[in-house]
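K.L.:
Residue-level listing of the chains:
There are 2 protein chains.
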Amino acid sequence: MLTVSSRVQQTKPSYIRNILKVTQQVDMLSLAGGLPDAELFPLDILAQAAAELERSPGIFQYGATEGLAELRQWLLGDKHLSDDVLITTGSQQALDLIARSYLNPRDKVLCEAPSYLGALQVFDLAEAEVHTVMAELDGPNLAQLEQQLAKHKIKLFYAVPDFQNPSGHCWSLSKRKAVASLLAKYKVALIEDAPYRQLRYQGEPLPTVSELSSYAAFYLGSFSKIATPGMRVGYVKANQALLAPLKKVKQASDLHSALPMQMMLLATVRHPLFAEHLTKLTNAYRARRDYLAALLKQQLKGELTFEVPEGGMFIWARLTRHNAILLAEAALQQKVAIVPGDEFWPSNHTADYQAIRLNFTALIEPQLEQAVIRLKKAIQSCSPN
Amino acid sequence: MLTVSSRVQQTKPSYIRNILKVTQQVDMLSLAGGLPDAELFPLDILAQAAAELERSPGIFQYGATEGLAELRQWLLGDKHLSDDVLITTGSQQALDLIARSYLNPRDKVLCEAPSYLGALQVFDLAEAEVHTVMAELDGPNLAQLEQQLAKHKIKLFYAVPDFQNPSGHCWSLSKRKAVASLLAKYKVALIEDAPYRQLRYQGEPLPTVSELSSYAAFYLGSFSKIATPGMRVGYVKANQALLAPLKKVKQASDLHSALPMQMMLLATVRHPLFAEHLTKLTNAYRARRDYLAALLKQQLKGELTFEVPEGGMFIWARLTRHNAILLAEAALQQKVAIVPGDEFWPSNHTADYQAIRLNFTALIEPQLEQAVIRLKKAIQSCSPN
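So the sequences go chain by chain: A and B. Per this note's numbering, numbering through the first sequence is continuous, rising by one, with the last residue being 1205. Per this note's numbering, numbering through the second sequence is continuous, rising by one, with the last residue being 1205.
No lab work stands behind these hints: they were computed from the structure. Wrong hints could be hidden among the right ones.
Intra- or inter-copy, both count: the list cannot distinguish identical chains.
[Unchecked claim] Below are the SDA-like pairs computed for lysine to any residue, each with C-alpha atoms no more than 20 Å apart in a straight line: (1) LYS928 <-> GLN829; (2) LYS1155 <-> VAL1128; (3) LYS841 <-> ALA1061; (4) LYS971 <-> SER902; (5) LYS1007 <-> THR823; (6) LYS1117 <-> ILE1193; (7) LYS1117 <-> LEU863; (8) LYS1196 <-> GLU947; (9) LYS1007 <-> ALA871; (10) LYS975 <-> MET821; (11) LYS1155 <-> ASN1143; (12) LYS928 <-> VAL828; (13) LYS928 <-> SER826; (14) LYS841 <-> ASN1168; (15) LYS1155 <-> SER1034; (16) LYS841 <-> GLN893.
So that you can see chain A by itself, here it is in the shape it has in the complex (with noise of 0.2 Å):
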């Protein structure tokens, strides 16, 4: 039979699609994805979008590889006369582009460790070679940061510095200063992927680490988390020259992104109804938050230990006496599901087995509440390290 390519077999399945048949069960609770919350979604707002579609029928027409040039133009706003912006199938899709236009296989990429586990499978895709820095709580360890950007010759360094995906880290102002500057320093560019950047809880928004770099940066934008993710509306944005090669590359992948779903979340996010849409949607899940966090400290003191993000869809737990995949598969058995950490590794890597994460945004406060009771019979009925 085809056999299947090199790129595909060192690819690994991701352990939240290996699980999906448990997970769907209707007795089940999930932790364990990242989905919002479809009950928050704006539809009033999106049925008028959708009202609207009739009007502009070029939309059902092939069209520019580059996105709907409305949209482009309200993200590009009036600065930034050398960026582009490019519109992609979700910023999943502006990922795996910037892999494609960029990277050779072999070629060294750096992740934050843990990292984003749709960005691990890119770079596998790629055939990269995958290095690591660790995630702080305040951004990535400037040291071994400096020190794995002057020992490999790095071509990419991929992160999300706002609410990260898994950890919840938000990375401080001084710290996103000193990696825009070590970058620059190696020549070596910047992925900065910010799907939660938008669900800040508290605090005051950063500036970006693209808008403090003085080095080639791509910034992935994406609507995912404020809009709606079945629309698959997501962007990157970066200097013309950089772009060129990602159309080049999108144009033979699928010619172009769905543009009646480019026209409608421009419709969506133009509503004068999107501000308050947002502002309910950060008080729902800033509540989910505390009140995941309380129960967590209430029912599992002592179990595990956790700092409680500013924002994002996630709390990232250490385990003080299990291992997170044992504590993974009894708590299927007890009908609640969490990620083990070590997914959010690459492979080879030596990950963290005493981590896992847990959604706050898909379930509501009876659930969250149910959910943990599960999870501390599952805790229970596993025997520590």
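Once you've looked at the hints, dock chain B against the given chain A.
P.N.:
This is chain B only, laid out in the frame that chain A set:
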């Protein structure tokens, strides 16, 4: 600065994209594109489909990589229990996913010559070695096909058996059977790309080559020509095991294609008035094909020869005295765009420099007339070989 990957370096940009700025001038008439006529889109049906979106809020959430279950079910029907279907961002993406799943650099691919430009770009991106077999009126030259299959270790054979782009050729039943059996004999997988299959203006539909095949076959379907291309909904149907790696690649590439588009597409093709739309569409395109063919025979007698295609979107003509590249340049001066045929040969192959591709679906009759008058002027302005 960041150096681009070797896969991008060896992918040539498309001619149609290169001349886009010129062809978008308001006074330009383009026979160069492959656009359906936006005036013939089923806008009433699409508007109804858009209005129904809000009744299915679930489609705004993240979905399965495979695509919307209802659409997949509709496409699969109740036959072929071992088959599976993957929804893609246009059938272009299906092609890219197959290449990424199965091709390593320097793997060998066979295409008809001439062949679809977008497929050649995908194989360039995959850094494949492309071999060709001559496209004849009724399908590939069988002796040459067997020779190529016997000589090279071909992994995939890419073909458009129904009204090929650019040639308009439709394979005969006997060639369909012969190709299927040769591919089985040499254990070469088929990629059957069928975007024009439903644009038949005369004669009876023939079985797909995939149906006749007893070896691995991917069938690529599109709605871009019969519904609308802007929604970017296509699919690939194949044996479950063959599709599995494509899902893995698609998950890392973009998670899944836009779900509201899949829902709207399903509502559109299932609509009671869709059959009527399809009749209206094929009637209009048939009339334009006949009109352009008659014009070419009257106005450009002695300058070119062609066969009237039974379907599709293009007339493929051979110039009797002129070089196609020079004529295409002269045509732009006369404000009419055509594609010189050599674009449809892989790089480093000896192409046909006297063929041109003329689209007949995007312009209405008075525009076609004007376009041919301009083309005649271009021919007169241009020295023969």
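K.L.:
Each hint: holds or not?
P.N.:
Here is how each hint holds up against the structure:
1. LYS928 <-> GLN829: Classified as both: same-chain Cα gap 19 Å, cross-chain 19 Å, threshold 20 Å.
2. LYS1155 <-> VAL1128: Classified as neither; 25 Å inside a copy, 64 Å across copies.
3. LYS841 <-> ALA1061: between (44 Å within a copy, 18 Å between copies)
4. LYS971 <-> SER902: So LYS971 and SER902 fail the 20 Å test inside a copy (32 Å) and across (51 Å) alike.
5. LYS1007 <-> THR823: Result: close only across copies, 12 Å inter versus 38 Å intra.
6. LYS1117 <-> ILE1193: The answer is within: 12 Å in one copy meets 20 Å, while 81 Å across copies does not.
7. LYS1117 <-> LEU863: neither (35 Å within a copy, 56 Å between copies)
8. LYS1196 <-> GLU947: Neither, since 40 Å and 52 Å both go past 20 Å.
9. LYS1007 <-> ALA871: The answer is neither: 48 Å in one copy and 50 Å across copies each exceed 20 Å.
10. LYS975 <-> MET821: This pair counts as between: shortest inter-copy Cα distance 10 Å, intra-copy 36 Å.
11. LYS1155 <-> ASN1143: Classified as within; 18 Å inside a copy, 71 Å across copies.
12. LYS928 <-> VAL828: Intra 18 Å, inter 18 Å, cutoff 20 Å: intra and inter.
13. LYS928 <-> SER826: both (18 Å within a copy, 15 Å between copies)
14. LYS841 <-> ASN1168: Result: close neither inside a copy nor across copies, 27 Å intra and 48 Å inter.
15. LYS1155 <-> SER1034: neither (49 Å within a copy, 44 Å between copies)
16. LYS841 <-> GLN893: So LYS841 and GLN893 pass the 20 Å test across copies only (19 Å; inside, 41 Å).
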